[in-house]
Amino acid sequence: DGTPIDKLPIEIFVTRAHVIDLGDAESCQAVHLEGSGIESGDAVLLKTANAKLPRDKMAERWVYVSQEAAQWCVDNGVSMLGVDYIEVESPGTPHGVYPVHQTVLPAGVLLLENLDLREVTAGVYQLVCPPLKITGAEGAPCRALLGPWDG
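When we follow our numbering, the leftmost residue of the sequence shown carries the number 1279, and every step to the right adds one.
To be clear, the hints were calculated from the coordinates, so they are not data collected in a lab. Hints are supplied without guarantee of correctness; some may be wrong.
[Said to hold, decoys possible] Within a straight-line C-alpha distance of at most 25 angstroms, the following computed SDA-like cross-link-like pairs (lysine to any residue) qualify:
hint	residue 1	residue 2
1	Lys1411	Thr1371
2	Lys1335	Glu1289
3	Lys1411	Glu1289
4	Lys1330	Ser1305
[Unchecked claim] For each label pair, taking beta carbons as the anchor points, the in silico distance ranges come out as:
hint	residue 1	residue 2	range
5	Gln1307	Ala1337	18 to 26 angstroms
6	Trp1427	Pro1372	19 to 27 angstroms
7	Gly1319	Ala1400	14 to 22 angstroms
8	Ile1412	Gly1313	16 to 24 angstroms
Keep in mind that this is a model prediction, so the values were computed, not measured. Beta carbons: idealized from backbone N, C-alpha and C, even for Gly.
Make the full structure from the sequences, and use the hints.
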């Protein structure tokens, strides 16, 4: 029931982004985000061990976003939450149940999934990620680009 992708202002897809390297953590917890300088309106991109997973089929396990971390993003005004795999939910979440999606999306936090952050170091960047303008769609592919943050 959210705003279709073609109705979102294009400006929201150009923002400051924090790449957070989770190392070998099994999930993103709120503690990973606290104290990282994230401000309201910023994007959060999670670099994880997911980079080692195959992309031709769904893995049995992956690094996921905890509901606690999702709520932290909502409470702190994060504009976008990005992950380096095709899913943000826990591998143990039953099919058809989407607690992270249901936490962030109604609050206006957009999801970016399947990012390639293998060559990116942790830090602050400018993110540019306009989606394809597909009328009435709830989501769309984009080509996410990171550049130096000058702000």
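Hint by hint, here is what the structure shows:
1. Note on Lys1411 and Thr1371: the hinted pairing is violated, with a Cα-Cα distance of about 31 angstroms set against a maximum of 25 angstroms.
2. Taken as a hint, the Lys1335 and Glu1289 pair is broken in the structure, with Cα atoms around 34 angstroms apart against an allowance of 25 angstroms.
3. Our distance criterion of 25 angstroms between C-alpha atoms is met by Lys1411 and Glu1289, whose separation comes to about 13 angstroms.
4. Pair hint Lys1330 plus Ser1305 holds up; C-alpha atoms about 15 angstroms apart against a cutoff of 25 angstroms.
5. Look at Gln1307 against Ala1337: about 20 angstroms separates their beta carbons, and that is inside 18 to 26 angstroms.
6. Roughly 39 angstroms separates the CB atoms of Trp1427 and Pro1372, a value that falls outside the hinted 19 to 27 angstroms.
7. The beta-carbon spacing between Gly1319 and Ala1400, approximately 20 angstroms, falls within the hinted interval of 14 to 22 angstroms.
8. Here the CB-CB span from Ile1412 to Gly1313 is close to 38 angstroms, at odds with the stated 16 to 24 angstroms.
Violated hints, in rising order: 1, 2, 6, 8; the structure is consistent with all others.
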